[in-house]
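Colleague: What follows is the residue order along each chain.
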Amino acid sequence: MISEAQSGAFSRRTLVVLMEDKPGVLSHVTNLFRRRNYNIESLTVGHSETPGISRMTVVVHANDAVLEQVIKQLYKLINVTKVTDITDDAAVIRELALIKVHATGADRAEIKQLVDIFRAQIIDVAHESLTVEVTGTEDKIDSMIEMLRPFGIKELTRTGRVAMVRGAARTNGDR
Amino acid sequence: MKLNGAQILWECLVREGVEVVFGITGGAVLPIYDEMPKYPIHHVTMRHEQAAAHAADGYARATGKVGVCLATSGPGATNLVTGIATAQMDSSPIVAITGQVATSALGTDGFQEVDTTGITLPITKHNYLITNVRDLARSVREAFYIARTGKPGAVLIDIVKDAQQAECEFEYPEQVYLPGYRPHVRGNQRQIKQAAEMINAAQRPVIIAGRGVLIAHAEEELRTLAEKAHIPVVTTLLGKSALPETHPLCLGMGGMHGEAYANLAMQEADLIFGIGTRFDDRLTSTASTFAPKAKVIHADIEPAEISKRIRVDVPIVGDARNVLQALLPLVHEAEHTEWLECIAKWREDTLAHDILWQETDELVPQYVIRTIWEATCGEALMVTDVGQNQMWEAQYYLHNRPRGLISSGGLGTMGFALPAAIGVAMGRPDCRVWVVAGDGGFQMTLQELATVVQEKLPLKIAILNNGFLGMVRQWQELFYNKNYSGSPLLGPDFVKLAEAYSIPGLRVTKKEEVVEAVQRAEAMEGPVLIDFQIEQEHNVYPIVPVGQPIHQMIRRPIRARAQSAACERQGGEA
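Listed in order, the protein sequences are those of chains G and L. Take the first sequence: its letter number 46 is residue 46 in this note's numbering, and every next letter is one higher. Take the second sequence: its letter number 3 is residue 3 in this note's numbering, and every next letter is one higher.
I should point out that these hints are in silico values taken from the structure, not numbers from a laboratory. Check before you lean on any hint, since a few could be wrong.
[To be verified] Straight-line alpha carbon distances no greater than 16 Å define the calculated EDC-like cross-link-like pairs of lysine to aspartate or glutamate that follow: (1) G:22 <-> L:197; (2) L:295 <-> L:270; (3) L:293 <-> L:268; (4) G:72 <-> L:302; (5) G:100 <-> G:142; (6) L:511 <-> L:361.
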């Protein structure tokens, strides 16, 4: 049996998954995670640099043994072409959030200041609210949200992680 | 050449070498059925779609070719589900084709509409929803390729009705392009070398052979390796017959109902070489207690099976035949005399325990199976259902013919035997086919007796009739205080039932009638059903209670039930 000691502690692992852009492929992946009882923290998907190939970034809570199974099970899917664990690689990791925050009177200036500190942007202005776009690591976005919360967050949406290994290395190609 | 979708489907099936399709027609497959008579493919009209999938599965297991089943949308498709899951769990290559409502009705909860690809997604190796006739030929080609290669499995193609009717230029794709699907068939040479070194160094090695050996047709290689290096072979249920079961090195099935000597061999081994097996829980029981003294080599064609349940020292991803061929020259001739003598002692002890069924005057199932075994010289294709009947067959029918046992191992689908046997008999008309089922499982799919008659299939059907869902009753007896909740089962008069289908029926109620009935059945040309009214509360032993290590089994009682209030619990130093 694969014991805890042999397979390490649970932590957040980031996988980049390349797959053929075919109908149903996303449901194959999400169904796999549900069925095998893997714990996804975030999942984003979109086009890659190659036409017909989608790129997914998955953050999964796993230990070494679970992660090995996740990767193997992903490879079992017919349309998945490449799975890379970039947890231990030097990688650029970003998330994006849109935050609609209550803003009247003096609050507006204060929010503007916070936005500048976080190198975020105000992308929509209304009489009683501002919409802020912030990009960065999860921590940065968490702190931005915490800073804005006292003003009253009316609406919030954030993407999951997207990630790319630093330097010239590519995450594509055949397995 | 411009063809409609239905014609393209049949053209593709013909090119894939399909000779028989098991199905039931319906509204959403009418265009497909309309074209069918023009093509040289035999259609077997089944009585239930579940049975169509089991028949395709049985056909695939018996022939090694891809089995095909066909059903309409909605309930036709949902009825296939059990059969598809059964095939997928046991790596049986089938292609299931379903009709779907027209594109205009898709997603509107139309009449007989169901999300077939959504429902079957987790129980197929891959599936397709065809909404454009242009995608059809390529998808059918891919479906067959995916079903039969790598770790074989079930693939479903759902075709909307208008795509069956729409026309397009037909071109059969000669090549399959699947960049994300490249099965590894050759094992890594470095790992094979490492495995050979471990085999050569082992003092108490055991091979565990699974169905992968039979799928890869590696039984000759397995035998050569076992004989050359003098290694005893335990099989899984579905690995039975990978080595002839009368071979001195064959220890038969291991696991929950495995013989003590097979289980003890695994527990005492210093090396386990698992090949074509997924080390499932019925074999290993709790994984942490399995083969505690052994290093493990695991060869399987599916990387995801390796290190899934059991820690592995040397993983080899490859086809059983290639791996064994590569391994053979590297493995030294050896004699493990001491080890085999030790196992022989355990075997003697087991045989000394296994006497009750021979001494009793009651009609007991072990005697029925042994009689069939003797009458068929271990050469019949045995199609078994699930439960006690399956385990008695596994324990008392020693298969000499590779792929001689066809049974639902992984999913454990009751009702499998009769419809699967229809596929088996269609695929192997040269073989004697016996069905072994309990009265419970048989009643789940007995409507297929009509198909047996329709296709004139000479099935020999043995019902081990104990008036219970027997395995459940056994667990209730052993682990639930004899609280027989939900397990007693009323059945029909099976002889009259058979006769209603114009199948000769025999009833056997006494031990002394067994031999004659089996011989009569063997002598008959057509199908026959025998209702063996066996002792009602007879148990399968040995049994490893769930959660126990596989050497801690409840062994066979050596005295009649009335005298032995409690079964002997014995393990470890058997």
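Colleague: Give a verdict on every hint.
Modeller: A quick look at each hint next to the structure:
1. G:22 <-> L:197: violated (45 Å)
2. L:295 <-> L:270: Holds, at about 6 Å.
3. L:293 <-> L:268: Status holds; Cα separation ~6 Å.
4. G:72 <-> L:302: Judged against 16 Å, a Cα distance of about 9 Å means the pair holds.
5. G:100 <-> G:142: Given that 16 Å is the threshold and the Cα spacing comes to 15 Å, the pair holds.
6. L:511 <-> L:361: Cα-Cα ~7 Å, so holds.
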